[in-house]
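**Q** Okay, here's what each chain looks like letter by letter:
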Amino acid sequence: MIRTLFKRWRRDYALSSLILLFLLVGWEMVVRMEWIPSFILPPPTSIGKALIDDRKLLWGQHLPATLLEVLAGFSLSVVLGSLLGIGMHMSRRLEKAMYPFIITSQTIPLIALSPVFIFWFGYSLAGKVAVVFLTAFFPIVVGSFDGLRKGADGYSELLLTMGASRWQLLKKIQIPMALPSFFSGLKLSIVYSVIGATIGEWLGGSKGLGYFSRRMAGNLQSDDMFAAVFLLSAMGLVLFIILSLIEKILLRKRGSSRYDSYPK
Amino acid sequence: MHLMQTRISGPFISFGNGWVLFVLKEVRIIKMISLQALSYSVGTGHQTSVFSDLSLSISQGEFVCIVGPSGCGKSTLFKIIAGLLEPSKGEVMLKAQASSTHTRLGNIAYMPQQDLLLPWRTVIDNCLLPWEVNQVRSKAEAITGIREMLEQFGLAGIEQAYPHELSGGMKQRVAFLRTVVTGAELLLLDEPFGALDTLTKREMHKWLIELWKGLNQTVLMITHDLEEALLLSDRIYLMSSHSATTPLQEFKVDLPRPRHHTMNYQPRFLELREDLEQKIHDTHSF
Amino acid sequence: MIVTQNKSRIVISLLLLCVFLTLGGCSGNSNSNSNTETNPSPHKLTLMLDWYPNAVHSLFYVAQNKGYFAEQGLEVDIRMPADGNDGLKLVAADQVDLALSYQPQVLMARGENIPVKSIAAIVRHPLNHLLVPSGESVHSPKDLAGKRIGYSSIPLYEAMVQTMIQNDGGDPKTANLIDVGFDLIPALSTGKVDAIMGGFINHEALILAKEGHPVTSINPTDYGVPDYYELVLVASEQGMKQNDVYLKKFMTAITKGQQYVQTHPEEALSILLKHEDATSPLDQEIEKQSLQILLPLMDAGDQAFGYQDPASWNKVHQWLIDNGLLKTKLKVEEAFMNL
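Residue numbers (numbering that gives the first Met the number 0), protein chains in the order written: chain L, 0 to 263; chain S, 0 to 285; chain A, 0 to 338.
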């Protein structure tokens, strides 16, 4: 079992791993040969060193702080976002009332909103969670709403002839049908959550990887700054992979290959 | 299925051959479903008529097929009967009583063209779907009933399988089981074997004929296949592509019951087949 | 199998080639002008400001506008940074010739092996004061114990606050320091913090007063922070070797410019306002007040404009070491040069 997994990994990702290796080596060489000064772009080896030297700060203090903001904001987005998506699906009026505001909320630059956020939340965790929510709930609303609206007419008709109510339709047909789209929204959202947490920390705070990276930039310590950035990317990647795995497990039973064509 | 055609009063019937039957109860004709001057049009403003002034009736226990070219409105007719669509004009009488779409929904079993088995549910969970919607008995009873039927339908052992693991024929049988399990007295089957290959279809005919001996539902079935219609049904209604203007033609199939799947080789069958084709040709212009 | 292996090798080689080409292109961007004295066309220099153009930069715009640069055979391109730290890094990378930064930052940069040198002190004393709402409970740094202080991301400011509290007899560990990025003004005006560090007396303080939140400023040099040069002119070591002559000419031009600003502040301001950045428009009243605050702080007295005192550099260097902002001792004399 492990052997087949490894074989599959090797087949699928061997090429991209190789490219990554070449890029890293190239990067290291470019800085060593001083084509780019190291205070602008530190070489991978010094970033790695910073990751190890400052592990207490990076891994022990700032990573958990940002992770907490990400998970809290993401959970809030999932709950409220899917409720909103379902609500908009069930009520035309709600949909028409809310949709314009939801879209507008995404187009307002956060810089304009930051004094407002500071006023409401101060520099507490709530402020960061609010920023994460603002960036992360939109893909979930769209994912659930579009997923619920998708096709499924044939199935719905079938259930209606059995005498199903609207809520039964929602529970038995529409929600299971919407899961693939919903998961797409989740995956987008978790990545946005990491970005949102970073921006939230920039608005004001005293810990977190976003806070730390900006502080290190101010101190001209680019290797620490890049180390924090690396951890942020890694966090986003790992969370995305976890969601993909959950998606695969939940949707595996459906025979995903035949999944894309639903009868109308 | 044997139809009782006469009203009996008195304690017995005598037959010409000397047999006497003591009748213990009265038997009536029960019209299961009756369509009176049904019309349906689509579109706003300038409406296109799909069919108009359509009348038919089906008695309890009958197996009736509707045959017609694509696009003549057969599926639409079914949706009206099932209660999914509101007719533009006319009446649908269910068991000799006027009905609305509201009263029909949930009381008539509908098997759509594609099997429409929920891909995220196992076979048994799919069959439990009607019970979940309309819980008339306990879950345990429902499951037992389904399991018995799975045996009957030759589907023992696939209870926990997912639809994507089944063959086309098996999926159709599961969908049929789900339709039967609704407990409704009237079944509407929309081309249930249309998507199957010829060999599997033959198997399905054989299977349905066997099954039919033990069931006592009323069936209205849409099909393209003339042989299938003749093999399975008591009567055939012909819908033409001009259903807007031409009334339904009725065709009686006087083959003996219980049927056998090899009846299609018999001379009487071939005569009926020729007759039917002729009738279709006469009423349809190509 | 073999075909796909060959294919992937080709792909990889192409990718590498692209990577190297792009990087090669980037590095070929150094400012190399010919070094002859008798250059008929003016020598181009780029100057990156520390922020959007405001009163403190008047001398540069005056020198440009009044032809002082041209007199010296120079053509100066004045640019704005995207981020306050950009100037220093870009100078070190030879992407710009000159930049504005501040004295402690130059030392810390050298500590990170960034090869920059300060060539003139433009503003000779701190503009960055601790700002507290007027009339409230905080009167001196020790009152900050247990309170929230907002600062703009730079660890230096954190250290300054801690020095001030300690010097005044308070316990710096009890103060809650919050990084508020650039949003210093909303931080104080909404009352989410009790004091801010990183606001300038000639900018944030004036704006807060104007918005109805008058503030009292507490000078860090009163409480143990060495008197440092708030704004210095910085060039790279490489740049200084190459452009030595032109940098001297630049200094002559801006000295003349600063003189003009001192004697004709109104005209100087109107020249500045012509060059305001469209995205950061200036408030005339505030800039007027700002200039009045700045002029005495830019005055070098008996010395030439921009003169840097080695004693000042040594004191700042020592303070940075004592507060853990510099990890290793530097050769301080290499950090600056008076042209």
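Treat the hints as calculated values from the structure; they're not laboratory data.
It is possible that part of the hints are untrue.
Computed cross-link-like contacts, PhoX-like style, restricted to lysine-lysine with a CA-CA straight-line distance of at most 20 Å [as the list claims (entries may be wrong)]: (1) A:Lys314 <-> A:Lys116; (2) L:Lys206 <-> A:Lys146; (3) L:Lys247 <-> L:Lys186; (4) A:Lys172 <-> L:Lys206; (5) L:Lys55 <-> L:Lys95; (6) L:Lys149 <-> L:Lys171; (7) A:Lys65 <-> L:Lys48; (8) L:Lys55 <-> L:Lys206; (9) S:Lys200 <-> L:Lys171; (10) S:Lys212 <-> S:Lys200; (11) L:Lys55 <-> A:Lys326; (12) A:Lys116 <-> A:Lys240; (13) L:Lys55 <-> L:Lys171; (14) A:Lys43 <-> A:Lys240; (15) L:Lys170 <-> S:Lys138; (16) A:Lys326 <-> A:Lys240; (17) A:Lys172 <-> A:Lys146; (18) A:Lys43 <-> A:Lys248.
**Q** Would you mind marking each hint as holding or not holding in the structure?
**A** Here is what the structure says about each hint:
no., hint, verdict
1, A:Lys314 <-> A:Lys116, "holds, 17 Å"
2, L:Lys206 <-> A:Lys146, "holds, 17 Å"
3, L:Lys247 <-> L:Lys186, "holds, 12 Å"
4, A:Lys172 <-> L:Lys206, "holds, 16 Å"
5, L:Lys55 <-> L:Lys95, "violated, 50 Å"
6, L:Lys149 <-> L:Lys171, "holds, 14 Å"
7, A:Lys65 <-> L:Lys48, "violated, 52 Å"
8, L:Lys55 <-> L:Lys206, "holds, 13 Å"
9, S:Lys200 <-> L:Lys171, "violated, 31 Å"
10, S:Lys212 <-> S:Lys200, "holds, 19 Å"
11, L:Lys55 <-> A:Lys326, "holds, 18 Å"
12, A:Lys116 <-> A:Lys240, "holds, 11 Å"
13, L:Lys55 <-> L:Lys171, "violated, 49 Å"
14, A:Lys43 <-> A:Lys240, "holds, 16 Å"
15, L:Lys170 <-> S:Lys138, "holds, 19 Å"
16, A:Lys326 <-> A:Lys240, "violated, 28 Å"
17, A:Lys172 <-> A:Lys146, "holds, 11 Å"
18, A:Lys43 <-> A:Lys248, "holds, 12 Å"
Hints 5, 7, 9, 13, 16 from the earlier list are contradicted by this structure; the remaining hints agree with it.
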